[in-house]
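Chemist: Letter by letter, the chains look like this.
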Amino acid sequence: MDIITRDQLAALLDNLASSRTLIAPCEAEDVLLYRRVPSSAEVAWDFDLPVLSAKGALFPPTERLMTVEKGGDAGEENAVQLNILETIFEDEQVIFGVRPCDARGFKALDALLLETDPMDTYYARRREKTTLIGLACGQMGPSCFCTSLGGAPDDWRDVDLMLTEIEDGYAVKVVTEKGRALLGDLSLRELPGEPTAPVLNDPLPVPGDEAWTSQFKDGFWDNLAERCLSCRICAYVCPVCRCFDVRDELVPATTFCYDQYERIRCWDSCTGVNYRKIAGGHNPRSEKGQRLRNRFNCKFYYYPQQYGVIACTGCGRCIDACPVNIDITEVMEHLVITQEGVSK
Amino acid sequence: MASVGRHPNINLMAYSEVEHISGYIGNFDVRVHRKPRYIDASVCTGCSKCTEVCPVDTLNPFDMNLGTRKAVYRHSAQAVPGSYTIEKLGVAPCRNACPTDQRAQGYIALVREKRYADAYWAIRREHPFPSVCGRVCNHQCEDACSRGKYDEPVNIMGIKRFVSDWAFANRDELPEMRDKSLVGTPFVHEPVSTGKKVAIIGAGPAGLTAALDLVRLGHSVKVYDSSPIAGGMMRVGIPPHRMPDELLDWEIEQILNEGIELQLNTRIDDIPGLLESGYDGVLVATGAHRVKKLAIRNSNHPQNWLSLDLLKRIALGEEIDLSGKKVVVLGGGNVALDVARTAIRLGQPEVSIACLESRGEMPGFDWEIGVAEEEGIRLFPGRTFKEIVVENEHVVGVRCVEVEFRGFKGGQPDMDEIPGSDHVLPADLVIWAIGQGPDFSFLPPDGSVHIRYPIGVVTDDEMMTSLPGVFCAGDVRRGMTFFVVDAIGEGHHVARCIDRYLRGENGLKEPYQQDVVELSVEDIETRITDGRASNQPRVPISCIPLEERLNNFREVDLTLTEEQALTEAERCLGCGLCSECLECVAACEIGAIHHDMQDELVDLKVGAIILATGFQDFDPSVAPEFGYGRLNNVITAMEFERMINPSGPTGGEVLLKNGKPPKSVAILQCIGSRSEQYNSHCSRVCCMYSLKIAQLVHDYVNAEVHEIYRDMRTVSGGYEAFFNRTKQAGVNFYHGQVTEVEKKNGRLVVSWDESYYNEPDHVAVDMVILATGFEPRDDVGQVASTFSVSRSPNGFFLERHPKLAPVETATDGIYLAGACQSPMDIPDCVAQAGGAVAVALSMIDQGTIALEPSIAAVETLYCAGCGQCVAACPYLAIEITDGVAVVNEYSCKGCGTCAAVCPNKAMKLIHYSDQQIVAEMIGALNLSVTPEEVT
Amino acid sequence: MSDSHGDDVGNVGGLNSFEPKILGFLCSWCSYTGADLAGTNRLKVPSNLRAIRVPCSGRVAPELIMRAFDQGADGVLVLGCHLGECHYDNGNHRTAKRMPVLHSLLSFVGLEPERLRLDWVSASEGERFSKIVEEFAESIRLLGPCQWRPKALQWEAENRLINQKGEMSMPQVGR
Amino acid sequence: MSKTIDIQAKTRQLLNSGQVSCVIGYEIGPRGRTRPAFIYQPDDAERMVWNRSCTHNLVPYVSDKLQSIEKNTSTGETETTQQQVAVVVKPCDSRAINVLTAEKQFSRDQVYVIGVACEGIVDGAGFGREDNGNLQARCQRCSEREPVVYDILIGEPQEVEAVDDYSDLDRLTDLTPDARVEFWLSQFDRCIRCYACRQVCPMCNCPTCLYERDDSLWVGMGIRLNEKRTFHLGRAYHLAGRCVGCNECERVCPMKIPISLLNRMLEREVEAAFGHRAGAAAAPSPLVTILDSEDGISWTS
Ligand SMILES: Cc1cc2nc3c(=O)[nH]c(=O)nc-3n(C[C@H](O)[C@H](O)[C@H](O)COP(=O)(O)OP(=O)(O)OC[C@H]3O[C@@H](n4cnc5c(N)ncnc54)[C@H](O)[C@@H]3O)c2cc1C
Ligand SMILES: Cc1cc2nc3c(=O)[nH]c(=O)nc-3n(C[C@H](O)[C@H](O)[C@H](O)COP(=O)(O)OP(=O)(O)OC[C@H]3O[C@@H](n4cnc5c(N)ncnc54)[C@H](O)[C@@H]3O)c2cc1C
Ligand code: SF4
Ligand code: SF4
Ligand code: SF4
Ligand code: SF4
Ligand code: SF4
Ligand code: SF4
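Chains as they are written, first to last, in my numbering: chain Y, 1 to 344; chain G, 345 to 1279; chain C, 1280 to 1454; chain E, 1455 to 1755.
Watch out, some of these pointers could steer you wrong.
Here are the computed distance ranges between Cβ atoms for each label pair [claimed, not checked]: (1) Glu1264(G) - Leu1362(C): 21 to 31 Å; (2) Pro788(G) - Glu1500(E): 46 to 56 Å; (3) Asn371(G) - Thr213(Y): 58 to 68 Å; (4) Tyr359(G) - Leu1362(C): 32 to 42 Å; (5) Leu1362(C) - Gly704(G): 54 to 64 Å; (6) Leu1362(C) - Glu1098(G): 31 to 41 Å; (7) Asp1632(E) - Lys493(G): 57 to 67 Å; (8) Asp245(Y) - Glu1615(E): 46 to 56 Å; (9) Pro142(Y) - Glu1500(E): 22 to 32 Å; (10) Arg1485(E) - Gln290(Y): 19 to 29 Å; (11) Lys949(G) - Glu1500(E): 47 to 57 Å; (12) Gln1473(E) - Leu403(G): 51 to 61 Å; (13) Ser1129(G) - Glu1500(E): 48 to 58 Å.
Computed list of lysine to any residue pairs in SDA-like fashion (alpha-carbon distance at most 20 Å, straight line) [unchecked claim]: (14) Lys1558(E) - Val1231(G); (15) Lys1710(E) - Leu49(Y); (16) Lys1710(E) - Ala44(Y); (17) Lys1558(E) - Glu1223(G); (18) Lys1001(G) - Gly875(G); (19) Lys1430(C) - Ala1734(E); (20) Lys1710(E) - Val31(Y); (21) Lys1004(G) - Leu945(G); (22) Lys1558(E) - Val1228(G); (23) Lys1147(G) - Ala1402(C); (24) Lys1558(E) - Val1230(G); (25) Lys636(G) - Ile799(G); (26) Lys1430(C) - Leu1626(E); (27) Lys1710(E) - Phe47(Y).
These aren't lab readings, by the way, just hints derived from the structure by calculation.
Note that the structure is predicted; figures quoted are calculated from it, not measured.
Virtual Cβ for every residue (Gly too), placed ideally from N, Cα, C.
Construct the entire structure; sequences and hints are all you get.
Modeler: Here is the structure:
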């Protein structure tokens, strides 16, 4: 392993920013977020976990899929013609400071959006054009439980380049070719030995499939959901939640543009009130309990069943952000305990 | 009009107001608030006996305030229904404050009329001891008296004493005068016996009041008292220099004469025994006769006397001589003062008062502390007592320590002793007067009557003790010495409770409490300037000179002279208007008058509503140029109409302020109408009624008439001819706009401009009549919103369409008739009323109605049922049903206000939907403007 | 400057040639009739006004006004019957109450207060109508184009929410 | 501590007597965070707490709970005969009860209101971030320490002197219009349209929010800045004369957007113009009623 000094890294990031989009954690009015930064000067170097995961860089909150325009020459008869323009992402982008849990999130998203047919071209294109510079966590936060789900605060497997903060800079581990390419011909000192291992939290028990199916009808879900506000924060901060809604909208009137429509997709969540509402107003999942149950079942049972990965990376963001303290680890614990009681 | 009143299909609800309507054409729910008129209109024959006895005069608005009427009155000679009405503003504060519910305003009103016997009966109605409370009361009525806000309260107690002393002086003639003391009460003099027996323990004010009420209800009552004389504390407590015996004795005699058995010298100590011996109920009213002492050294020495013992001995006629002694009275309350003032009358000993409180905080009445000092009593306030100093077996003094006293906390004094202030007050007789409490030793020893030691006997809401059938009232219930009025109030209350206990459902109900009148200082000032109350200062009570008080028990305070009492009575503001003297009730032979009538809400279901609320006269006092209110003999046409009316205030004569008929009169037209300053509209009627007035003045007053007009508008059949006739009769017409009315050389000079034909531009007359125009009534806005009708720019109700729907309003089913829509004369009103009825009937007859095409509709999926639309709809067209808004398509007029306020846009307006408007908006904003397009 | 849709962010033609787009909500009984009268009387009314007829000024939802600014209006004029003369009795009372509230909200967030105006025009006040529109158009003309919408687009651009291609970037990515 | 005991005792009594079927209050979750609790069994009453982190406004749960009780009773799923719920409220929350009863979301006799004499809530409450122990800014400004409606009052209200100086608003109003636009854009920029602010608001009870409709009539679902601004202004306007200042919207916002500034500015405006304080009595918003001669509105453009 090599050492990259803080100055070297800053210079590298500035360099990257001039040729492509650089995304990094930064403070937006007191709120820590991954955002596009013009230079390393705006990077928040000592950061813990941004409020939102890095998911948005590859799976944006709203994304234009295509534009539909009325065109044609006004003089001709029946001249109305529809021009359809698909939005294709073309930039190169680098995300600096991806935490291992967020990186694992991309991995989990890949399972559905890249590796399952049909592939999501929009995601795929962005994925292809993105390089991830990971940053290991020195210790696990109070709500973190990545280790319980097979991850680790210094897990390098899902990034292109892994940095670990050490006394005089960062230890660099090159994981992929994409990562190596970023470093170019930078000359780096060699790190003698390994960086110190991070402090870990005790791992939590994870309920098995059995627990999810057998407790599906349990009153627990309704009780849990009583205080849920259906606010969807949990899904929006989550690195893996990927529900979306597709809408066709009129482009707001502008001076030169008339009759333009676009198809967008935007984040949605199973905890939201209207999530399963169908034409005519019927909602098969109208109860909060059913919706919240879905959120957890989806993460630990349906998604792994279908795509082979747990749709939670243990980042703990939803625990921190939930205004009414609905706690995923409490849910896991409850299921395990109940299940033990059942099986004994 | 009378035929309207009698028509079987017309339900005339006079003195009523529509409070709320809901529903829609064919289906209105109307809530009518019927104000109580206190006289049953279906019984009243209109004989006017009530007005003859009513002592209250007030201005008569029907006579344009030119004359007066009584508090009980008939609206006008032709009124339908012809019944009388009592005008009440509510309960006067004095009555409200008095624990006995004494109608002070009533007897004061009667005193004003020198009807002293009537006043006496009025007092006796609630109060069996007028002489006592005319002297020693704590007069809560005066504390509440409205007049106190202006200068000083009316000397109500002084007036009461005057009346009771008058009655005592005339006691032999009194029975000749009709006894009305039962009028308006639930009692009768010779009631049907109920066969129930009640024993009352204690012949104090509480016991005797209850006894009187109970016998008047038909129960048989026996009163026991341990003392040799009746009257309780009034007799053996309150000393004679404040309350002479013979008056009280006369009052007690009157009470006993109603058939109460009294057994004196009998201490009752077996209440269960009383019940067993056949009494159906027992009332404990034994007062608070146990005097407290502090447990300090030597407080049991025989030269420690007790306040009540001394007073009782005096009351029972014992001669005591304290001359040459040093007496220290311990305590600072009224009892201490009574004891001290009594002691000083027993041979002029040296008397002093020592107490915990500082001088300013002594609980005794301030005035009495003053009198006590005047009579030579020394005060030693602000100290606590440590020991009665005894030397050689004789009391020589009281050892005291000065304190800083802050009041009582949880029954214990909260105070700090001032170090080093230890001293001895010299004394050879100590009298304890630090408070009284009840003696409970006569109660059943098994504790079946609960007491809250050391306070009083515990009673429930119905004043019953824990022993069924045993009631309790007065000081013994409260646990300490209160006041006589409180005891009387409790006596009345407990009598009702006992009656309910004995007769169940049929027992007496608690009286209905009406609202209390609250007068502002401005109201008071108006009443004084209106002459309804005099501006005299309060007449104080005077006393006999100091030297006449020595060594005797002559009463110190003097009664008011008749003149003083009348002066004082004139000060009463008559807060409630009706004084509640109840003379009318006594006068009404068929019993039509009920002072306890209450407001009533009546719900009606109607199909159509016709508004005919009329107009109000322009008030010319806002237009100073015409002199109204500023100059004498400038009157309005309305006032003239009342004067010329044979049943009016002047009996049909038109008179100047000096009582003479005018020789020349000017009639000024367009007052307040067609003006930029006042009302811009033409009042349409004034031209014609001015002509009528001109003719009346000309024909009946025989005065010269000048009429100043701007345009003579004679638009209906025969009116032009009427104008010509008036002209020919010799009335002078001048064209012009009046600029001012001024007084010159004792005459009223009217000037105008715009004159033509070289005619005069002024005239001097004796009287000016202003032809005031029409205005919307003051409450028109409120009525408009109750019925959801629009108003025209000049404020009258607006028809739906001036030509095509002249009697309809924008709300279906609500129609207009008469001058509420715009100024019109009687023939037009009648025609329009006919029109309104015809439209209403045709609507009802059709059975169907056409709806507006563009109305509101609810998208129930989005509606939260928040009701914001309901509050916003000007037509009450929306209701929340099953949690969502429902638009009544009959009532909706399609304004879209609801759609705008609906936060969720669940409410939409058909044909003006949000989709449509937004699309229009987007379209409009997409058109670019080029400079050439601008015109 | 313009964003991907070509919104004019700045003042395209310079101050003098700027002609504001004004949206007018006219109540059908008074103001619309007043406008009619102005027309019959051949009074001048600036063509900047694009009138939308509503039954009552009470129909004008604040959301509509906010949407109008959103969509690029330079000014919004709401005209109704004088208080006390509402055809619907008191529909305009709510307008009178909520417009000032909306007005202060929009100004609080930075809209120039002059751009929203409520006034009363009766059916007989053709002249007043033309005067109000003239005055209003002139005041907006002096203010220049409304920056309400362009500012937002510009903010996105300047604060790197939009990448070089005019596509939005992290995390406000999209479009 | 004793307020906790009083609340627990009342809860037990209400449930034992069958007067209510559910008591909504506060409990402490496994991470030591205070959170809403729904108590159905008298034995569970001991979970209830009162502390200075009871920041959540529990009133929005009331209609929910009443509806589900109604649903269950009508489908015969449970045998609840009682249609009442009890809720623990702070003074600010209690005003929401008045607003909602005026807006017919439930009737006063359907809720048993356990009012708490509030001593103020600390910063960071609800998220376990109560480190500095300071009172929330809104609580520092609040002088209303006794709920405006309650069936029982827990604790004794203290007299506090607090003046709302509105300096936070003045700071903004002193800026130029341009700077204000700038400020607000920089705030709305962060909004991710999660709608937590709306979900938590007791007064936001439209079945489908205007700003989340499929028809994009009022706002598009894309998150361009101007549309987010429209949503926020619309939300604030809808709460004019209705917002009770519980500040839940601002608390829950994961993006720390100072939403309360908008609410407060309208609150000040409405109070000045109409003398109306939302929820002080069960009265509708003055914006939907007719003008009153007392109203101090002034229109200056
Ligand atoms: C010195 C003094 C001065 C006062 N001055 C005033 C004043 O100026 N103004 C004012 O309004 N009030 C004054 N009061 C208070 C007023 O007199 C009393 O509040 C009032 O009399 C209480 O009425 P009562 O019916 O409850 O009891 P009382 O008047 O005390 O009557 C109770 C009666 O019950 C009798 N009784 C007691 N026990 C028994 C028994 N076991 N068996 C049979 N009979 C029994 C007693 O002999 C007594 O006659 C004064 C009181 C005192 C002591
Ligand atoms: C000085 C003068 C002289 C006139 N002389 C003549 C004349 O000689 N010939 C002629 O044809 N006309 C004359 N007029 C005009 C005539 O008085 C009116 O045309 C007529 O009185 C109008 O009748 P009305 O029924 O519409 O209203 P009003 O007579 O005003 O009656 C309205 C009634 O509605 C009641 N009311 C009001 N509000 C309410 C409410 N909210 N709830 C319940 N009840 C309510 C009022 O108490 C009143 O009884 C004269 C007018 C004046 C001022
Ligand atoms: S679980 Fe929490 S964060 Fe998620 S929707 Fe419910 S309240 Fe919001
Ligand atoms: S109670 Fe007396 S004052 Fe009142 S109306 Fe009757 S007579 Fe007149
Ligand atoms: S205002 Fe809208 S949401 Fe509220 S009750 Fe009326 S229609 Fe329903
Ligand atoms: S449109 Fe709405 S506010 Fe207007 S009348 Fe109809 S229901 Fe009432
Ligand atoms: S809670 Fe915050 S981020 Fe979510 S919608 Fe509201 S303001 Fe936006
Ligand atoms: S807007 Fe915010 S502060 Fe106001 S009531 Fe709703 S959640 Fe509470």
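Chemist: Taking only the CA atoms, is the gap from Lys1001(G) to Gly875(G) under or equal to 20 Å?
Modeler: Measuring from Cα to Cα gives roughly 18 Å; hence the hint holds.
Chemist: Are the Cα atoms of Lys1147(G) and Ala1402(C) separated by 20 Å or less?
Modeler: holds (17 Å)
Chemist: Using the beta carbons of Pro788(G) and Glu1500(E), state whether their distance is inside 46 to 56 Å or not.
Modeler: holds (47 Å)
Chemist: Could you see if the CB distance from Glu1264(G) to Leu1362(C) stays within 21 to 31 Å?
Modeler: holds (26 Å)
Chemist: Regarding the pair Lys1430(C) and Leu1626(E), is the alpha-carbon distance no greater than 20 Å?
Modeler: Since the Cα atoms of Lys1430(C) and Leu1626(E) sit roughly 18 Å apart, the hinted pair holds (cutoff 20 Å).
Chemist: CB of Leu1362(C) to CB of Gly704(G), is that within 54 to 64 Å?
Modeler: holds (59 Å)
Chemist: Check the hint pairing Lys1004(G) with Leu945(G) against an upper bound of 20 Å on the C-alpha distance.
Modeler: violated (50 Å)
Chemist: Given the proposed pairing of Lys1710(E) with Leu49(Y), does the C-alpha separation stay at or below 20 Å?
Modeler: holds (16 Å)
Chemist: Okay, Gln1473(E) versus Leu403(G) on CB: inside 51 to 61 Å?
Modeler: With Cβ atoms ~57 Å apart, the hint holds.
Chemist: Range first: 32 to 42 Å. Now tell me if the beta carbons of Tyr359(G) and Leu1362(C) are that far apart.
Modeler: holds (33 Å)
Chemist: Falls inside 58 to 68 Å, the C-beta gap from Asn371(G) to Thr213(Y)?
Modeler: holds (59 Å)
Chemist: Looking only at beta-carbon atoms, does the pair Leu1362(C), Glu1098(G) fall within the given range of 31 to 41 Å?
Modeler: 35 Å Cβ-Cβ, so the 31 to 41 Å window holds.
Comparing the model with each earlier hint shows violations of hints 19, 21; every other hint is respected.
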